[in-house]
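S.K.: Given the structure of chain A, go ahead and fit chain B onto it with the hints provided.
Those protein sequence lines, which keep their order, are chains A and B.
Taken in order, the first sequence gives residues 1 to 138; the numbers are from my numbering.
Taken in order, the second sequence gives residues 1001 to 1220; the numbers are from my numbering.
Simulated from the structure, these hints should not be mistaken for laboratory data.
Note that the coordinates shown come from a computational prediction; the quantities given were computed from them, not determined experimentally.
Among the clues, some could well be false.
To be verified - Footprint (simulated), chain A over chain B, 3 or more residues, beta carbon under 8 Å:
1. 1009-1018
2. 1064-1077
3. 1103-1111
4. 1155-1161
What the hints assert, rightly or not - Okay, derived cross-link-like pairs now, BS3-like style, lysine-lysine, Cα gap no bigger than 30 Å in a straight line:
5. K1087/B to K87/A
6. K59/A to K1110/B
7. K87/A to K1017/B
8. K1017/B to K1087/B
9. K1109/B to K59/A
10. K1031/B to K1087/B
Beta carbons: idealized from backbone N, C-alpha and C, even for Gly.
As a plain string of letters, each chain reads:
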Amino acid sequence: MKVVIMGCGRVGAQLARLLDTEGHQVTVLDTDAYSFRRLPPEFGGTALVGNGLDQEVLKRAGIEEADAFVVVTQGDNRNVMAAQIAKHVFNVPRVICRIYDPLRQEIYQTLGLEAISSTTIFAQILKERLERGERCIS
Amino acid sequence: MYIIVVGGGRVGYYLTKALLDEGHEVLVVEKNAAICETINDELGSICFRGDGCEVATLAEVGTGRADMLIAVTGDDEDNLVACQVAKHKFNVPRTIARIRNPQNEILFKKLGVDVTVGSTNIILEHIEEEVPTHPLTHLFTFSDRGLEIVEVRIPPESTTVGKSVEELSLPEESRLILVIPKEGKPHLATASTILQAGDQIIALTSPETEAQLRATLRGN
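Excised from the complex, chain A in its bound form (with noise of 0.2 Å):
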């Protein structure tokens, strides 16, 4: 599978990381060449400096080859419009945005958005440990 990743931090380097070692071809966006220390030396995809709200530099990105688009840049906006670029400009055949802000996201999800609210999903791990009551080390 081809998939593009926008932003390189903690998340998108991971994910990155994660898709590559499984034999993905991967390529990373991110404004900042800095955040690109997150991606292992091993790593063997591509990483790309530039701003992926440009059209221009998803294209050099390779979107229009592209199987899936994930967008998980800090900003919610950010990711929104990249992800309906994605999808509406170069019809990408799966987009995933993270939207921390848990109304946007579900706004975007009646939109037709695949969009992941971090927020709401980690909050709700964090009750269901709580409720369990014992500790898990895992």
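M.R.: Same frame as chain A, now just chain B:
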């Protein structure tokens, strides 16, 4: 009309001032506390501190009853999201977004923003007008109809000088409106109007056929 302005920067400030002068009910949503204070001091208590892309903020300022939302922050993505949230969550009938990157004009329209205003394009157009040799100048755009009014100058070396309008095969979407000759009075363009060197032609056209119109009128 109740109008919500997202972004209290320079554009937001002067826009709000103009809208207030026209007698509208205006509310500005601005993240920055200092900017909020300035607006409240100078324009009256009309600035709400908050993130205009957030549902909770927009709910609090009564976006549900707004007739229009205008997003004029400096970031295209923030303007897009503010408009989309207003449109899809609060059913605001008209949304206007400021854009910095001209590329986003088509995208924003596709994503449901009613009107986009790009300062880059506007600046370019105004500079174009000041360049005397520029063959075509944009005078006005009806963005919701996909039409524009342009001005084309006929230079003396044009092969169309001396020809009548009906002899030219103008693009179907184009209509010549007015001819302003170098000397003499302006007159309405008709089929029998003869093109003269130095004429300024005011025409209605679609952006797609703009280049064709210019080429046909100037004979190149």
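S.K.: So which of those numbered hints doesn't the model satisfy?
M.R.: 1, 4, 7
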